[in-house]
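Participant: Sequence:
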Amino acid sequence: MSVEYIRKAYGVPARRGGRVEYTGGGNLEMGTIRSASGGNLNIKLAGMKHAMPFRPTWKLRYLDASAAGASSP
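Every letter in the sequence shown is one number past the one before it in the numbering used here, and letter 64, counting from 1, is 64.
Read the hints as simulated data drawn from the structure, not as lab findings.
Keep in mind that a hint or two might mislead.
[Unchecked claim] Derived lysine-lysine pairs resembling DSSO-like cross-links, with alpha carbons at most 27 Å apart:
#1 Lys44 <-> Lys8
#2 Lys59 <-> Lys44
#3 Lys49 <-> Lys59
#4 Lys59 <-> Lys8
Work out the full structure, taking the sequences as your base and the hints as a guide.
Facilitator: In structure tokens form, the structure reads like this:
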């Protein structure tokens with residue numbers, strides 16, 4: 001599955017190279033979307049060596065999104 005598919009299916013403004021804030025681990029972590037696979041976004045968090053899979057609507061806030069209200073619960 002592609003990032004385009006995730007954008008349409010989940011209604012999120014995900015783009016390859018887009019910046020996100022992740023708060024699922026209890027701390028705010030910055031990351032960059034690298035790719036998509038199996039309905040997940042592969043995001044490289046700051047300080048990590050490799051990208052990891054994240055659900056597109058779970059504890060992510062899309063920072064450079066052009067659409068208003070692009071954050072998720």
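Participant: Does each hint hold? Answer for all of them.
Facilitator: Tested hints:
no. : hint            : result
1   : Lys44 <-> Lys8  : holds, 22 Å
2   : Lys59 <-> Lys44 : holds, 15 Å
3   : Lys49 <-> Lys59 : holds, 21 Å
4   : Lys59 <-> Lys8  : holds, 18 Å
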